[in-house]
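Now for the letters of each chain:
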Amino acid sequence: MDSLVLGERDRALLAGAGGEALQFAMELVVRAARIMGAPRLIDVSFAHIDACHYYGRAHLDFARFFVERGARFAVPAWGNTLTVGLLPPQPREGADPAVLGEARELAALYVTLGCRPVWTCAPYQIPGGPGLGEHIVVGESNAVSYYNSVVGARANKYGDFLDVACAMTGRAPFAGLHTDAGRRARVRFEIGGLPEDIRRTELFCHVLGHLMGRAAGSRVPVVTGLPPETPADSLKAIAAAGAASGGIALFHAVGVTPEAPTLDAATGGARPEETVAVTPAMLVAARDSLSTAGAGPVSMVALGTPHFSLTEFERAAILIAGRRIAAGVPLYVSTSRFVAEAARAKGWAEVLETAGATILVDTCTYFAPAVRGARGRVMTNSAKWAYYAPGLIPVEVAFGALEDCVETAVAGEVRRAGRLWSDKAWGL
Amino acid sequence: MAGFTLMATVLNPGACGAPALVLDEPLSFWGGYDPVRGMIVDQHHPQAGTVLAGHVLVMPGSRGSAGTPAGIAEAIRRSVGPAGIVMASRDVNIAIGAMVAGRIYGALIPVLALDPADYGRIGTGDRIDIAADGTVAVSPVARG
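Taken in sequence, the protein lines are chains A and B.
First residue of the first sequence: 1, per this note's numbering; consecutive thereafter.
First residue of the second sequence: 1, per this note's numbering; consecutive thereafter.
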């Protein structure tokens, strides 16, 4: 455990030269580095903070420790989603007021520490973030995967407290996905045998991510056969689904993601340990495993996990313009303040609200115990929502494409008109 | 069976003595564990409903939620956390959660990593005594 060589400033902070707060922060970073077997620490340039997401008073006490000692983040730090939204609408009338108060206080403490109040699980949708090759700190699982895979920045999956400690000191253990060796793909998912029109759909990408998460284990996967123009929203779907079902923190897609111009580039020239030829039957099984509910009336439709992007707002607005969602079936769109404002400027937010949708910022529908309709059968277009929600709130889930979700909200019952629900479309 | 001693890597220092509770699968301490009751609530976990307080928790590792360190620290704050934690992996999240609880609340909960071969020698109900240097004394209970 003692191959770690610290720099001069690291040792000074550890000795207390930067004060008590930075000393404790460096102790946390060094402890993590020793456990991970890192040879040294590296500078980081950005942090996405998860410790602002309230889960008990320990979160508050930790943040207060730093605030009371006058500490501030050393690098740009953006906040993850909160357990409670800070801006209207506030649909959580049934929640415990003490918990809501502490959750809000925690967010305020992080703003004091220098956190930018973006409160989003999709920080990569906001301009000004990190770029290719930058070493960064990220905790939220889908954001870890998106930054690593799609942006090409380098981050391990940082747990709460260590994220803050790294952002305070500007240092992180040089290990895992920060290293070239740790980023090499070891398992290949070949999807070229599937019909191309299927591979171009966003629903396919949710299902593919879910399937890869289950099969990849702790290995970095590489996909071959994903169309080169696969859009950001579909890559977000792969990142979120793969991180939820199995903990994928980095995936490569040959011809699509920045570190995989070729298969050899993704694997470092080595042969993959395993190649999984994805079959239509595997996809249909993965698709069906994301739905715990069958046909019938729904109590809610949940979009925006991870947070809805501007392009998703545009697509949803086109689908729902001039229509009205069914009475008593709330349609929630979770997003960030930043994207909500941009969608409002474009007029798309108003189109959705006129149809009866509720735009929820700073948080997510599955954290919210009193979001209206968050029980019974819920329709979502998110494999991540489908995976987590039944464990967090009393719901059954029907999973479908964005188009299916809009039709369901209007009809008030599950509609899956998309041809992807016909086994024939998948080549079976 | 006679007692035996194992040497573990110390991820967070501390000493304790309590019966072992061996988990069959990794656990997420965010979402899968209720830090108010100290209970496993992940309905997919084979030991859902089990309370971990008063035991040395023996598990392969944690499942990867970023919130796991906070779940551990909160349970320790409420005095319903495990007395100590022994794992088969060098789990950063569990160690950091215990380290923060140690600094903020003064609760020194040992977190250790064992070689996988040694890890398998501990059974639920065995008396475990952990010393600050990572020595784990195991007094097995009779198992049928």
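In short, the hints are calculated from the structure, not lab data.
There may be inaccurate statements among the hints.
Just a sample of chain B residues kept apart from chain A, beta carbon distances all over 12 Å, derived [stated by the list, open to error]: (1) G3; (2) P35; (3) A70; (4) A113; (5) R121; (6) S139; (7) A142.
One-sided excerpt, in silico: chain B residues whose CB lies under 10 Å from chain A [to be verified]: (8) N12; (9) E25; (10) W30; (11) V41; (12) Q47; (13) G49; (14) G64; (15) G71; (16) M99; (17) Y105; (18) L108; (19) A132; (20) T135.
Ranges between beta-carbon positions, derived for each pair [unchecked claim]: (21) D24/B with L60/A: 25 to 35 Å; (22) S218/A with T124/B: 18 to 28 Å; (23) T124/B with R419/A: 44 to 54 Å; (24) S79/B with E350/A: 49 to 59 Å; (25) G49/B with E314/A: 41 to 51 Å; (26) P261/A with G106/B: 30 to 40 Å; (27) T354/A with T124/B: 55 to 65 Å.
All figures in this text were calculated on a predicted structure; none of them were measured in a lab.
Where is the CB? At the ideal position from N, CA and C, for every residue including glycine.
Hint by hint, here is what the structure shows:
1. The beta carbon of G3/B sits about 27 Å from the closest Cβ of chain A, which is more than 12 Å, so the claim that it is off the interface holds.
2. The Cβ of P35/B sits about 6 Å from the closest Cβ of chain A, inside the 12 Å cut-off, so the non-interface label is violated.
3. For A70/B, the condition that its CB be more than 12 Å from all CB atoms of chain A is violated, with the nearest at approximately 4 Å.
4. For A113/B, the condition that its CB be more than 12 Å from all CB atoms of chain A is violated, with the nearest at approximately 8 Å.
5. The claim that R121/B lies off the interface holds: its Cβ sits roughly 22 Å from the closest Cβ of chain A, which is beyond the 12 Å cut-off.
6. For S139/B, the shortest C-beta to C-beta distance to chain A comes to about 28 Å, beyond the 12 Å cut-off, and the non-interface label holds.
7. Every beta carbon of chain A lies more than 12 Å from that of A142/B, the smallest distance being close to 35 Å; the non-interface claim holds.
8. Taking 10 Å as the C-beta cut-off, the interface hint given for N12/B holds, the closest approach to chain A being about 8 Å.
9. For E25/B, the interface hint is violated, the least distance from its beta-carbon to any beta-carbon of chain A being 14 Å, above 10 Å.
10. For W30/B, the interface hint holds, the least distance from its beta-carbon to any beta-carbon of chain A being 6 Å, beneath 10 Å.
11. At about 8 Å, the closest approach between the beta carbon of V41/B and any beta carbon in chain A falls short of 10 Å, and the interface hint on this residue holds.
12. With a least beta-carbon distance of about 15 Å to chain A, the hint placing Q47/B at the interface is violated under the 10 Å criterion.
13. Residue-level restraint check for G49/B is violated (minimum Cβ-Cβ distance to chain A is 14 Å; threshold 10 Å).
14. With 10 Å as the threshold, the beta carbon of G64/B comes within range of chain A, its nearest partner Cβ sitting at about 5 Å, so the hint holds.
15. At its closest, the beta carbon of G71/B sits 6 Å from a beta carbon of chain A; the interface hint therefore holds under the 10 Å criterion.
16. With a cut of 10 Å, the hint placing M99/B at the interface with chain A holds, because the nearest CB-to-CB distance is about 6 Å.
17. The beta carbon of Y105/B comes within 8 Å of a beta carbon in chain A, closer than 10 Å, and the hint placing it at the interface holds.
18. Annotation: L108/B was flagged as interfacial toward chain A, and the flag is violated, the nearest CB pair being 14 Å apart, outside 10 Å.
19. Taken as an interface hint, A132/B does not check out: its beta carbon lies about 15 Å from the nearest beta carbon of chain A, beyond 10 Å.
20. For T135/B, the interface hint is violated, since its Cβ never comes within 10 Å of a Cβ in chain A; the closest pair sits about 16 Å apart.
21. Distance hint check for D24/B and L60/A: the Cβ-Cβ separation is about 34 Å, which falls inside the suggested range of 25 to 35 Å.
22. Against the hinted window of 18 to 28 Å, the Cβ-Cβ separation of S218/A and T124/B comes to about 27 Å, which satisfies the hint.
23. A beta carbon spacing of about 51 Å between T124/B and R419/A agrees with the range 44 to 54 Å that was offered as a hint.
24. Between S79/B and E350/A, the C-beta spacing of about 51 Å keeps the proposed range 49 to 59 Å intact.
25. For the hinted restraint 41 to 51 Å between G49/B and E314/A, the CB-CB distance of approximately 46 Å keeps it satisfied.
26. One distance hint, 30 to 40 Å for the beta-carbon pair P261/A and G106/B, is violated here, with the actual separation near 53 Å.
27. Separated by about 59 Å at the C-beta atoms, T354/A and T124/B satisfy the suggested range of 55 to 65 Å.
Against the hints set out earlier in the document, violations occur for numbers 2, 3, 4, 9, 12, 13, 18, 19, 20 and 26.
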